[in-house]
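Okay, so the sequence shown: first residue is 1 according to my numbering, each after it adds one.
Just so you know, the hints here were simulated from the structure itself, not pulled from any lab data. Treat the hints with care, since some could be wrong.
[To be verified] What follows is a list of derived Cβ distance ranges for each label pair:
1. Ala121 <-> Ala97: 18 to 26 angstroms
2. Ala247 <-> Gly29: 20 to 28 angstroms
3. Asp250 <-> Asp135: 40 to 48 angstroms
4. Gly29 <-> Leu556: 16 to 24 angstroms
5. Glu398 <-> Asp431: 48 to 56 angstroms
6. Phe367 <-> Ala217: 47 to 55 angstroms
7. Glu542 <-> Ala97: 40 to 48 angstroms
8. Trp255 <-> Val527: 20 to 28 angstroms
9. Glu403 <-> Arg336: 16 to 24 angstroms
10. Asp344 <-> Asn429: 25 to 33 angstroms
11. Asp286 <-> Asp102: 51 to 59 angstroms
12. Asp205 <-> Glu403: 33 to 41 angstroms
13. Ala97 <-> Asp344: 17 to 25 angstroms
Quick caveat: nothing in here was measured; it's all calculated off a predicted structure. A virtual CB, placed ideally from N, CA and C, is assigned to each residue, including glycine.
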Amino acid sequence: MHDLVVRGGLVVDGTGAPARHADVAVTDGIVVEVGPEVGRGRQEIDADGAVVTPGFVDVHTHYDGQVTWDPALTPSCWHGVTTTVFGNCGVGFAPVAPERHDWLIGLMEGVEDIPGAALSAGIRWSWESFPEYLDTLDGLPLVLDVGAQVPHGAVRAYVMGERGAANEPASAGDIEAMAAIVREGLLAGALGFTTSRTLAHRAIDGEPVPGTFAAEAELFGIGAVLGELGTGVFELAPAGALGEDLAAPDREVDWMVRLSRSTGRPVSFALTQNNAEPTQWRRLLDLVGAANGAGANVRPQVHGRTVSLLLGLQTFHALQFTSGWNEIGLGLLGWREQAERLRDPQVRNVVLRDVASLDADPIVMGFMDPARTYLLGDPPNYEPGPERSVLGLAAAEERNHWEVLYDLLLGDDGRELLNAPVLNYSDGNLDAAHAMLTDPWTVVGLGDGGAHANQTCDASTPTFVLTHWVNGRDGHRLELTDAVRRMTSATADLYGLGDRGRLVPGMVGDVNVIDLDRLRLRRPERVEDLPGGAGRLVQRSEGYVATVKSGVVTVLDGVLTGEEPGRLLRGAR
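Throw the hints in and build the complete structure from the sequences for me.
See the structure below:
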């Protein structure tokens with residue numbers, strides 16, 4: 001008798017093969033049979049009318065700290081993710097000298113918007129070296145499988161001290177010492193090495209991430225270790241990623257191609273559409289395609305939807321920049337109390353008194369332009385037309401746009417959110433995101449689970465891909481089999497995790513049972529569940545009948561079962 005049988009579903013096995021109706025049997029955590037009428041299971045899940053897929057493999061998260069206090073790694077577990085990789089973008093928590101704990105927390109807080117107070121309260125430092133960090137992870141209760149990468153920022157500061165933190169040039173001895181630490185980490189099971197070169201990534205004190213300006217000698221000296229050991233991915237947030245330096249991305253791709261060729265290892269970088277040069281992404285994909293056709297292995301990570309700021313009383317918004325907002329002390333209140341006060345007509349008059357000044361405020365117009373800030377709604381609309389912008393709604397009502405924003409903020413008792421795209425929406429649609437998503441060389445990533453607690457909430461990428469691109473209101477623009485492959489075997493294979501991402505005998509028994517007709521995203525919401533009571537944005541979904549990790553049901557109809565079958569994944573050693 002099998003431990004678990006998922007019976008009667010439409011199996012999309014992650015290989016790209018056509019979907020077929022079949023049963024999936026799992027024994028001892030491994031898929032043992034996929035076919036019609038398999039034998040009985042001690043536990044059975046009725047998947048009639050549902051789609052059955054492998055568990056999703058999310059290779060771009062920032063759960064480096066959260067993993068120490070949250071076994072479920074919410075919200076990723078609510079979106080069918082059964083394997084996650086963190087340590088991306090050059091930031092993480094090992095190696096670390098005992099006196100540098102607070103500095104490393106400040107680095108993560110600045111780059112990834114994870115409250116420093118929560119990290120300080122939640123992390124119990126029991127490591128210094130990267131292997132010791134992995135050993136700590138190995139002893140934690142986990143709902144998902146997790147893998148970690150060696151972050152450049154932590155390594156540079158550990159080896160070079162203040163010189164490394166200040167981005168001073170590395171000497172030959174420094175590079176040799178950093179390479180030794182990366183080698184040690186890879187031999188202990190790290191899945192790769194990561195760095196950040198974008199000026200958008202800064203510590204809480206405003207300083208760029210250590211490694212931002214690293215010379216090629218440093219990058220290649222460290223990268224050579226991956227080639228020497230024949231393991232690991234070199235991941236990065238490249239210079240110019242947000243359009244801050246239009247000449248940089250071409251230079252970045254050039255050295256990435258050379259590094260990949262010299263090491264034989266995959267190099268994976270964040271790729272998005274930026275507003276400064278909206279067609280740049282296309283040129284970069286062409287460069288990557290030509291290089292890969294000639295033997296390189298450069299794999300852009302793409303998101304599939306906008307990278308956006310979520311605006312509202314639960315986060316932040318333009319009206320906070322008015323003199324009236326601060327005059328009556330609204331900034332001192334929680335968002336629920338703010339909603340109550342804002343219903344007062346006298347408060348409304350004070351806040352709206354000088355809103356005309358906002359139209360000339362560079363911060364407001366740069367990040368919260370009412371022409372490019374859209375009502376999100378519930379379920380959320382991530383590809384809105386201009387009529388859903390604050391300016392469009394105001395025009396339809398023949399009202400001032402800031403007055404309309406005021407009323408929108410009060411929607412659903414202050415829970416309403418607005419979507420202000422930063423990347424992937426230069427054309428007012430997601431056509432560029434779709435083209436990047438379907439390119440043969442890209443991989444799905446950039447969901448940033450665990451990060452940007454007060455700004456964005458993109459760990460729901462798998463659910464978005466299925467609801468928007470496969471089963472969206474405009475008809476499917478991505479085949480279900482291809483969508484599933486891109487989020488399972490394709491991401492697993494990039495990181496050398498060849499034991500998962502496919503529902504075929506011999507693979508890890510990670511399974512999703514999804515009611516595709518009922519699948520939907522919920523609007524993100526703020527919860528105060530971080531250590532010390534700090535808040536963050538999370539996003540739930542509906543339509544996941546069950547998620548199974550290694551043959552154990554971990555989520556049932558959106559509710560965690562309390563089972564913790566996850567473990568630390570160690571790379572090839």
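For each hint, the structure was consulted:
no.	hint	verdict
1	Ala121 <-> Ala97: 18 to 26 angstroms	holds, 21 angstroms
2	Ala247 <-> Gly29: 20 to 28 angstroms	violated, 50 angstroms
3	Asp250 <-> Asp135: 40 to 48 angstroms	holds, 41 angstroms
4	Gly29 <-> Leu556: 16 to 24 angstroms	holds, 18 angstroms
5	Glu398 <-> Asp431: 48 to 56 angstroms	violated, 31 angstroms
6	Phe367 <-> Ala217: 47 to 55 angstroms	violated, 37 angstroms
7	Glu542 <-> Ala97: 40 to 48 angstroms	holds, 46 angstroms
8	Trp255 <-> Val527: 20 to 28 angstroms	violated, 42 angstroms
9	Glu403 <-> Arg336: 16 to 24 angstroms	holds, 22 angstroms
10	Asp344 <-> Asn429: 25 to 33 angstroms	violated, 39 angstroms
11	Asp286 <-> Asp102: 51 to 59 angstroms	violated, 44 angstroms
12	Asp205 <-> Glu403: 33 to 41 angstroms	holds, 38 angstroms
13	Ala97 <-> Asp344: 17 to 25 angstroms	violated, 52 angstroms
Going through the hint list in order, the structure does not satisfy hints 2, 5, 6, 8, 10, 11 and 13.
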